[in-house]
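2 protein chains.
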Amino acid sequence: MEKVTPKTLSGFMELLPNEQVLFNQMKETIQKSYEKFGFLPIDTPVIESSEVLLAKAGGETEKQLYSFSKGDSNLTLRFDLTVPLAKYVAEYYNELTFPFRRYQIGKVYRGERAQRGRFREFYQCDIDIIGDGELNIINDAEIPSIMYNTFKNLGLDNFTIRINNRKILNGLFEHVDAKDVAVDIMRTIDKIEKIGKENVIEELKTLGLNDGNIETIISFIEINGTVDEMLEKLSTLNIENESYKTGIEELAQVVKYIRLFNVPDNYFALDLTIARGLDYYTGTVYETFLNEYKSIGSICSGGRYNDLSGYYTDRNLPGVGMSIGLTRLFFILNDIGLIKAQKNSISDVLVISMVEDLSMSIKTANILREAGINTEVYFDNKKIKAKFKYADKLKIPYVIVIGEDEINTGLLTLKNMTTGEQERLSIEDIIKKI
Amino acid sequence: MEKVTPKTLSGFMELLPNEQVLFNQMKETIQKSYEKFGFLPIDTPVIESSEVLLAKAGGETEKQLYSFSKGDSNLTLRFDLTVPLAKYVAEYYNELTFPFRRYQIGKVYRGERAQRGRFREFYQCDIDIIGDGELNIINDAEIPSIMYNTFKNLGLDNFTIRINNRKILNGLFEHVDAKDVAVDIMRTIDKIEKIGKENVIEELKTLGLNDGNIETIISFIEINGTVDEMLEKLSTLNIENESYKTGIEELAQVVKYIRLFNVPDNYFALDLTIARGLDYYTGTVYETFLNEYKSIGSICSGGRYNDLSGYYTDRNLPGVGMSIGLTRLFFILNDIGLIKAQKNSISDVLVISMVEDLSMSIKTANILREAGINTEVYFDNKKIKAKFKYADKLKIPYVIVIGEDEINTGLLTLKNMTTGEQERLSIEDIIKKI
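Order-wise, the sequence lines are chains A and B. For the first sequence, position 39 (counting from the first letter as 1) is numbered 36 according to the numbering used here, and the numbering increases by one without interruption. For the second sequence, position 412 (counting from the first letter as 1) is numbered 409 according to the numbering used here, and the numbering increases by one without interruption.
Hints in this document: simulated from the structure, not taken from any laboratory. Hints are supplied without guarantee of correctness; some may be wrong.
Since the list can't tell identical chains apart, any single copy or any two copies may satisfy a pair.
Capping the alpha-carbon separation at 25 Å, the derived lysine to any residue pairs in SDA-like fashion look like this [claimed, not checked]:
1) 53 x 192
2) 4 x 385
3) 340 x 367
4) 29 x 340
5) 4 x 90
6) 430 x 410
None of these values were measured; they are calculated from a predicted model.
Work out the full structure: start from the sequences and follow the hints.
Quick look at the structure:
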């Protein structure tokens, strides 16, 4: 028969079992971390009606979509978990309790150009808090504190959550009368480390800014120091603008509360250049960087938005959230060696029989499982060496050997596969030991 | 602004948070049950190349597919987890350890005609054991024993795993020289309860069977009694056919071992009429029924196949597996009232402040979470009644109230929301209590 080559599409992560075990552990850690803060799970479909999903999308995003027709329906695979959340909250508004604290962990789809470390199918792990008409600023501090806890639980330590507030940027651009070139200014500012201050000033001039305003912008982006010093300096810049002032107040509140949530000062920072897309977020914005690997970009981002579901409902539903792109994070951490697959197996014990009759082996496994121990029995009629090789390859921590002696005495041979140590024990003692 | 109606596609299950909590508990129970037997997780993409996914498909299935093009690729959403497994094992053969015990829990897609209780996107929860060239018959007993444990862990009790062996049917049809009308015979036999024995005989005649052969078939399907009686009667039917005899031997082995795996006799049965599609399975086959709700059909099915990956590789990879269609099972159990969403919340505790300063509330929540308790703080500046209403609606089991008194004394008010009981306790005592 003609064979088809078994091939997984490029841009789609598919792991070997040992790496999958590690990936799943990370996913579960994230889930448990979110649940520790009382977030509720939702699970929206991967496929949505294009009309619903694309109410908001457009431009660049649309090219990346997986869209198709089935019967007379136009369908699209979700490209994030935020639009499905917007739909969900609008659709079930009457049945939800607000503030609605939800998490969703699921795959999303973007037909990006395939390149190393970029995925077309990837897990997003989102938390959002949605208010009904209003949402206290404390939520803007709790969200990054949850991410701090999540990353610590994942075993990461050297990271910084960088925080800004869009109102400050908006206010600044209003103040220098340059709202319409805000995007260009941001782009120019971003290059300061690369091209230097003088060149930035030259570029700002070409955008039509006068010297005074350029000076204000430069003073603004040169603000540095501790979090408290930066907040202080922001206030003394003499920018008389409502939005700017509100932004500083909000940022100060976020800083106050994030400390109350026990996030140490060395895990968060203010970064006045973070904007995160110019039309979605309206207040606090976040990005998270691994301090030693800044070049890989933000591993967890998000922010505050005024109006989650404006495309579906007139209700005012403000929210704040962050998202971890788990597939990319896993790839990066694996790539730079910060994580490593340890377990090749889910089993704690493999039971190996030296005799043909497997009754005793199976009964032993039943008892071990009853005691909560993940156990498998080697069934195939192979040489003892092949059986041990199976345990070796899967790195199963313990092997129980059952032969004539063990059946007669009821004392089983337990081999610790890491140390090679071997002893004869009752099943009760084995359970205690493992 | 023109609003888009926020609407989920029909045939796609989307749950409210309280039902989602229950659904996720079931999914986790299934996962833990599979892991107890040492099965390894894999997670294949939802999208595969059509060429790979449809190497095997055809006919009825193809109409239900979600297929589309992206760039110059023809893509299809997976319609089960078996074909992706076949691809996976062929693709990574050299890196896998055999017997390969894998589970996969994920969504699959079938564009069936939408009707109540039928879903176009649904979770399958599969376990399979794949051998390299050979696979011991004991595996055919372990698989249903895992499903027995899984259903018990799900809290189900009144179910029967029905077992047959395709070799018995194949042998019977060979013996009565009716292999080419096997499908028609099976279809006729299936109707015996509806149309009666006489009509079945009439129909068998029209299929060209002679009286002797019809008598053999009728004797065969009239076999009843206990499992052991049935095995005995199968042997005494005087059907001299290799396949038939092998089938009986295998079935007897499966019965012997399923008992060794501690599955009580009232949870499994032989059912000589189960065939499960005539070309895929080659040996043992299973279906699982809720005894009081047989009309809903099998809730967990599977069987033994000779050749998992024949479309991709020349290697002989026999396997045996079963699958739970979780989305449909959840819908049914919910519908007939066998399960009921209890928890509206993930939180164990809600902290409510009577004072404006939330410092003490947040610090209390930090300590509770540190102690492993899922905790949220009510942030919004609302009346105390509104705060309690939130706890009520989410059915959060405990509320901690923090006011001036609590801040001064350090003794917090703990309210049990189920009993209404209220007491003043130190944070340490609260942790012990919850």
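Hint check:
When the C-alpha separation of residue 53 and residue 192 is checked against a cutoff of 25 Å, the pair qualifies neither within a copy, at 36 Å, nor between copies, at 57 Å. Within a single copy, residue 4 and residue 385 get their C-alpha atoms no closer than 32 Å, and across copies no closer than 55 Å, so neither meets the 25 Å cut-off. Taking the closest pair of Cα atoms, residue 340 and residue 367 come within 25 Å of each other only inside a single copy of the chain (22 Å); across copies the shortest separation is 27 Å, beyond that limit. Taking the shortest alpha-carbon separations for residue 29 and residue 340, both the intra-copy value of 20 Å and the inter-copy value of 16 Å come in at or below 25 Å.
Proximity of residue 4 and residue 90 under a CA criterion of 25 Å is satisfied inter-copy only: 12 Å between copies versus 43 Å inside one chain copy. Taking the shortest alpha-carbon separations for residue 430 and residue 410, only the intra-copy value of 13 Å comes in at or below 25 Å, while the best inter-copy value is 42 Å.
The structure fails hints 1 and 2 (numbered hints given earlier, in ascending order).
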